[in-house]
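**Student:** Chain B: place on chain A using the hints.
Sequences listed follow chains A and B, in order.
Our numbering numbers the first residue of the first sequence as 24 and each following residue consecutively.
Our numbering numbers the first residue of the second sequence as 4 and each following residue consecutively.
Keep in mind that the hints were calculated from the coordinates and are not lab data.
For every residue, glycine included, the Cβ atom is placed at its ideal position computed from N, Cα and C.
Keep in mind that the hints are not guaranteed to be accurate.
What the hints assert, rightly or not - Only pairs whose alpha carbons sit at most 25 Å apart, straight line, appear in this in silico DSS-like list of lysine-lysine: (1) B:735 / A:136; (2) B:449 / A:241; (3) A:136 / B:430; (4) A:189 / B:430; (5) A:160 / B:449; (6) B:354 / A:136; (7) B:67 / A:132; (8) A:132 / B:148; (9) B:67 / A:160; (10) B:429 / A:136; (11) B:430 / B:735; (12) B:152 / A:136; (13) A:132 / B:144; (14) B:744 / A:132; (15) A:160 / B:430; (16) B:148 / A:136; (17) B:429 / B:67; (18) B:735 / A:132; (19) B:735 / A:241; (20) A:160 / B:459; (21) A:87 / B:336.
Claimed, not checked - Ranges between beta-carbon positions, derived for each pair: (22) A:155 / B:574: 30 to 36 Å; (23) A:131 / B:632: 44 to 50 Å; (24) A:24 / B:535: 55 to 61 Å; (25) A:145 / B:242: 48 to 54 Å; (26) A:194 / B:556: 47 to 53 Å.
Unchecked claim - Chain B is faced by these chain A residues, among others (derived, beta-carbon under 8 Å): (27) 32; (28) 36; (29) 137; (30) 218.
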Amino acid sequence: MKIGVVIFPGSNCDRDLIETLGDLTGTQVIELWHKDTDLKECTHIFLPGGFSYGDYLRSGAIAKLSPIMQSVIEHANKGGFVMGICNGFQILCESGLLPGALLHNNNLKFICKDVFLKPQNNSQLATKNLDSTKAYKIPIAHGEGRYYADDKTLSDLESNNQILFKYCSQEGNITEESNPNGALNNIAGICNKQGNVIGMMPHPERCATEHLLNIDGKAILQSIFA
Amino acid sequence: MEKLPTVQTAQSLGLLPEEFEQIQSILGRTPNFTELSIFSVMWSEHCSYKNSIVWLKTLPKKGKFMLAEAGEENAGLVDIGDGLACAFKIESHNHPSAIEPYQGAATGVGGINRDIFSMGARPIAQLNSLRFGNIDTDRTKWLAKGVVKGIGDYGNAFGIPTVGGEVYFDDCYETNILVNAMSVGIAQVGKTISAIAEGVGNPVYIFGSTTGKDGIHGAAFASKDIGENAAEDLPAVQVGDPFFEKLILEASMELLDAGIIVGMQDMGAAGITCSTSEMSAKSETGMDIWLDKVPLRQANMKGWEILLSESQERMLVVLQKGKESIAEEIFRKWDLEFAQIGVVTDTKNVKYYMNGELEADIPAEALALGGSTPVYHREWEEPAYFEKIRSFDLSQVKDIELTQSGDNSAVEISRKITALPNIASKKWVYEQYDSMVGTVNQSTQKPSDAAIVKIKGTNRSLALTVDCNSRYVYSNPEVGTAIAVAEAARNIVCSGGIPTGVTNCLNFGNPYDKGVYYQFKHAIDGMRIACTKFETPVTGGNVSFYNQSSDGIAVYPTPTIGMIGLLEDSSLQTGLSFQNQGDLIYLIGEQMECLNSSQYLSKIRNVEFSPAPYFNLDKEFDLQEAIKKAIREGIVVSAHDLAEGGLFVALMEKGFLNNFGANIKIDIKNRMDATLFGEAQSRVLITINPNHKETFETLMGNLTIDFQNIGIVEGSSIIINDLEFGKVQDYKEIYSHAIAKKLN
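Next up, chain A with everything else stripped away, as it sits in the complex:
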């Protein structure tokens, strides 16, 4: 196993992710530069949060055209592991590696706060070791995080067990009030049909170290490497 984190200009969660994944796995995490095409033999590729290329057009719209993404897409299509968090999720949707799109939050504001997530199954990489009755406290920080897809895609996602996390209340109930951004079906994270490409808006890497007094995110990341 070799973990790589892609750095786009404007990525700003890259260092957090490199640190967290390094601590979690005890491995040296590889930095992958957006102008390169070499994945340096990484088996697990992560796309971090941030504002790639400034995200002035549409989140992720420019990043998908970068040289490194061509290699990442190839890696994913061969069944390689790719996970995008926040801006990374947006880039994966823009690239077509994941279905749907992430629109402006319904209050049209950037929102940063802790939200609660309910794992939707135990059959996928990111959820296999989670307690599907528990509400995991994980922060969000985004302006464009409202998951959207057409009805057909949504029902496919549901029936294929591709929905990983839904926004829920502290008690674990999936309600409208607990949906921070207006995402359809309260969707916070999904994977592709094969399960090797994962995207989520909340930031598990922001709650995986003891000094932050919340380590709910650690369980999600650990599940992937378990």
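**Tutor:** Chain B only, in chain A's frame:
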């Protein structure tokens, strides 16, 4: 041959006739238009501090942790152990934000962060201090939304968490809002960068964004009152690009690691002029600058426009000669615009050339602070409104009734107090800021009076806060400012830290108004006395005068205090919230019934003029020493100081996190309202486990400090002197949504 400017030209650029004469005598000739423009910005209040420096110099600047004293670097530098240093500074962007709130606030955030990373410190946290007018006016709503979005969009994309701040709404800020932004960064001791230009022949580079006509004369604009036609000054407001800021941050860090930097400074007010002259003056060297080499974003710019442009996200760096190719490789990696635009010389003059022609030639020291820039002693006299303060008569204010219902009941007034914009939660604001990027914010799960931020790679943390209750300063500039310092220190102490250093942002009206200058002078006096007492040297900051509309109304004097503190062990972090049912609640400090300048008096009883609240600096100091000791004994479960809204609001806020109530009993000497809502200073509510009662009381008993056990954490309602005030949850509902209801 260009016609030489006259004294009228000088005046139209904002210079005084005697300053024009002084310029002529410095140069030994009449300046040309470009030179005069340069003097007009460099001698503006914003750059020269000409009306404030006399008093600023009286502030304490020495301290055992100081690595760079005020004025030595772009920001203060404090030793925080483990070979690390903390760079921090606060700065205003008031005038641009009052005209164009989004860009004004955004570029304020950009500017202060550049000040930090141009020193070689990577920013790790941001704070801000905002003042708006009446929350019910359309203007305030427009300004507040724009400012908050501007700060958020810039800071969020730049990728540094916003961990703390303060927001007040008062009528005096209706025209002149205040936007003060603070940045805190970490550097390695001995590996910081100075704004110097040493080594004759060393190349001078500009890198970052291109240069355009935006923001020309912004510094001069910031140095005058805002009039009716201020919107016509719109080109004086700059436009920010956080994406570029992020790129120049990373490039700067790589230049630093490469060890090829001689000196570096960001381009803020007065652009190339300011950075080239200040760096040259500091090293007693000169520079030849070739303006035609500067990468431009628009055609046909004149030399003086390039010189004075305040286009954002640009840096000036002096490199070691021979290392140009290493630097250029870094610039290309980050896709930055860059060019060598000059060299360091030994002439002691900054010479600006355009296509080979000398456009301006000025001694660097004549432009830089500490050189021959003008210094003025302004006159002051007691403002007329002080008479109204002296005639305040509390007996004319009716007390509340110890009942649950009715307009004047304790419970009804408590609910009203909870919804006051200056007391209610600022969640609507701070949830628009990324507070968690960087994985250092320890206060997300454990709110505390100051924000606690982890210093990675060590077992230490920083405590950060910005504070100023300007109503207190208005009532008594000296006492009010001392309170601002004391409150900042108290917030840090209550959170588990030791106050270490101060940066200030001094927002005042027109310094030529004697009443305003009285406020300024006495505010500095209060700051000096308090900072000396707490051993928190003032490391720098910024003065913003002219926060005054053309009809003569000045803002409340607002000397915002940005303070940092150190937790020598991260585990000292102390939250403000009740943690366990049955814990004992202690009120530490003297229980004075004082309603002066309280939110209750001004917003509920509509009394505008009253003295500053009760404050005794020595007692404050003793209080903080006691809290520090108790926390270090490991027996303090929570600590929260009494601030706006007094005892009631502090109790309520302690209950919010876990929906815990409190049952307390307190002696009422004279007035119920003063007991509940008075804002007498130097009081803290703490909770301890009942098993630690004896240890705690013995510890306190050995100190010269008042303390009393006023009750226990109990249930989910607040009960005071047997009167049931209602559920904490209900107050939380009011508290959480009051501001959103007004601004959404």
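**Student:** Hints first: check each against the structure and report whether it holds.
**Tutor:** Hint check results:
1. B:735 / A:136: holds, 17 Å
2. B:449 / A:241: holds, 19 Å
3. A:136 / B:430: holds, 10 Å
4. A:189 / B:430: Cα-Cα ~24 Å, so holds.
5. A:160 / B:449: holds, 14 Å
6. B:354 / A:136: violated, 52 Å
7. B:67 / A:132: violated, 44 Å
8. A:132 / B:148: Answer holds: residue 132 (chain A) to residue 148 (chain B) is near 10 Å, not above 25 Å.
9. B:67 / A:160: The given pair, whose Cα atoms are some 42 Å apart, is violated under the 25 Å limit.
10. B:429 / A:136: holds, 13 Å
11. B:430 / B:735: OK: residue 430 (chain B) and residue 735 (chain B) at ~12 Å, within 25 Å.
12. B:152 / A:136: It holds: about 16 Å lies between the C-alpha atoms, which stays within 25 Å.
13. A:132 / B:144: holds, 15 Å
14. B:744 / A:132: holds, 15 Å
15. A:160 / B:430: holds, 18 Å
16. B:148 / A:136: Answer holds: residue 148 (chain B) to residue 136 (chain A) is near 19 Å, not above 25 Å.
17. B:429 / B:67: violated, 36 Å
18. B:735 / A:132: The given pair, whose Cα atoms are some 23 Å apart, holds under the 25 Å limit.
19. B:735 / A:241: Not OK: residue 735 (chain B) and residue 241 (chain A) at ~31 Å, beyond 25 Å, violated.
20. A:160 / B:459: With a Cα-Cα distance of about 23 Å, the restraint between residue 160 (chain A) and residue 459 (chain B) holds, given a limit of 25 Å.
21. A:87 / B:336: holds, 19 Å
22. A:155 / B:574: 30 to 36 Å: Holds, since residue 155 (chain A) and residue 574 (chain B) (Cβ atoms, about 34 Å apart) stay within the stated range.
23. A:131 / B:632: 44 to 50 Å: Holds, since residue 131 (chain A) and residue 632 (chain B) (Cβ atoms, about 49 Å apart) stay within the stated range.
24. A:24 / B:535: 55 to 61 Å: holds, 58 Å
25. A:145 / B:242: 48 to 54 Å: At 50 Å between Cβs, range holds.
26. A:194 / B:556: 47 to 53 Å: With a Cβ separation near 51 Å, residue 194 (chain A) and residue 556 (chain B) satisfy 47 to 53 Å, so the hint holds.
27. 32: OK, holds: residue 32 (chain A) within 8 Å of chain B, min 6 Å.
28. 36: Interface hint status for residue 36 (chain A): holds (6 Å vs cutoff 8 Å).
29. 137: Hint holds; residue 137 (chain A) Cβ to chain B Cβ min 7 Å, cut 8 Å.
30. 218: With a closest approach of 28 Å, the residue 218 (chain A) hint is violated.
In summary, the structure is inconsistent with hints 6, 7, 9, 17, 19, 30 from the numbered list given earlier, while agreeing with the others.
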